[in-house]
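Protein chains: 2
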Amino acid sequence: MNIAVFGTGTVGPAVAAALVALGHDVVIGTRDPEATLARTEAGPMGGVPFAQWHAEHPGIRLTTFADAAAGADLIVNATNGSGSLPALTAAGEENLAGKVIMDIANPLDFSQGFPPSLNPVNTDSLGEQLQRAFPAARVVKTLNTMNASVMVDPGSVAGGDHSVFVSGNDVDAKARVSGLLADLGHRDIIDLGDITTARGTEMLLPVWLRLWGALGNADFNFKIAR
Amino acid sequence: MNIAVFGTGTVGPAVAAALVALGHDVVIGTRDPEATLARTEAGPMGGVPFAQWHAEHPGIRLTTFADAAAGADLIVNATNGSGSLPALTAAGEENLAGKVIMDIANPLDFSQGFPPSLNPVNTDSLGEQLQRAFPAARVVKTLNTMNASVMVDPGSVAGGDHSVFVSGNDVDAKARVSGLLADLGHRDIIDLGDITTARGTEMLLPVWLRLWGALGNADFNFKIAR
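Chains as they are written, first to last, in my numbering: chain A, 356 to 581; chain B, 356 to 581.
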């Protein structure tokens, strides 16, 4: 599949590399490729600067949001939450129409410091905002409830015995995303329903952040025991 | 221990009976005992009317919030979220001072129908509201992330292999509550930190409600796989 991954932070490159390993053709989309390659600061989690990561992954082309989306069958939104709507707008409505948008971002608001709050929250969600903004696209919320390393290597936590959620209005889009999740090694994929159920999974973030503090690391995930 | 359980819906009686089975002296507090005993409608989950349940549990006295709190070492808040502050206010600040309030309620707002939203949410929580309103009490948020039957019989789901959270400012109060949770059969008790962490566990409710729909029953619980 031709996949565009939006976002050059911790999550985007991790997901892009994992999808390449599964045999997909992957490009990374960013606002300004030259500016992204010029960044020299370490990643937010102490990772290498994007240019260094990119040099180590020469098969993954970096391009604009619009160019990446134009050639893609499926788009992974791994931008930060506040940048998601601008990124998809820059991609262009015509480049999103009919396509699956796998939205793995969270609308975290750090404006008041740590812990962040969510915006939107409770009666709306980022997933719903994206679906409303691009009604011809098929948004599926997933993977936003775990660390990037767990997204792409679920077996690294509890032998993979934990859960991942999908929310979306389009049954075929959810099936395609669920196929990708299974290929990544996710075994318990729970379809919560339409895109409004993304409110619930985005609202898992506050307890996720507190668990990170209480447990001292991010190597955990939610499992729905039943 | 002398324990007062506030609330005569599904949760309060279930918790009261379980605490009696553990050997505690338990009373149930309600706004108006005569009115509660006069109710003839079934419980919200199809349970028996309170008066019938009460007749089957003659050892558990029903009294006013204030009288119940006055004689208690620990108070379980199992009222509905919108009634929690009024219930504790009716109990009287002097009857709450120094005592542990085990807050197992959720601030669900059904005013716009199903699914409910939360109020407060995101930058505040019911647990924090109660602690602010009664600064001399020691509020511990817990058990609000699962069905009543799982609260009192954790072994009924996945052999008890799942998690429960505690949030509160007072270390001794959290230790006492954690002891009760262990006595009920909870094995993975995660201390998230101070009472502000109740925001995270209350914000689990939206996905809990959607899981209830997706799974078709409430016999599940969150486990933190790690």
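Please keep in mind that the hints were generated in silico from the structure rather than gathered at the bench.
Keep in mind it's a predicted model, so treat the numbers as computed, not measured.
You may find that some hints are simply not true.
Stated by the list, open to error - To give a feel for the contact side, a few chain A residues facing chain B, derived at Cβ under 7 Å:
1) V403
2) Q407
3) V476
4) L547
The beta carbon of each residue, even a glycine, is placed where N, CA and C say it ideally should be.
Okay, the hints, checked on the actual structure:
no. : hint : in the structure
1   : V403 : violated, 26 Å
2   : Q407 : violated, 30 Å
3   : V476 : holds, 5 Å
4   : L547 : holds, 5 Å
Of the hints listed earlier, those the structure fails to meet are numbers 1 and 2, in rising order.
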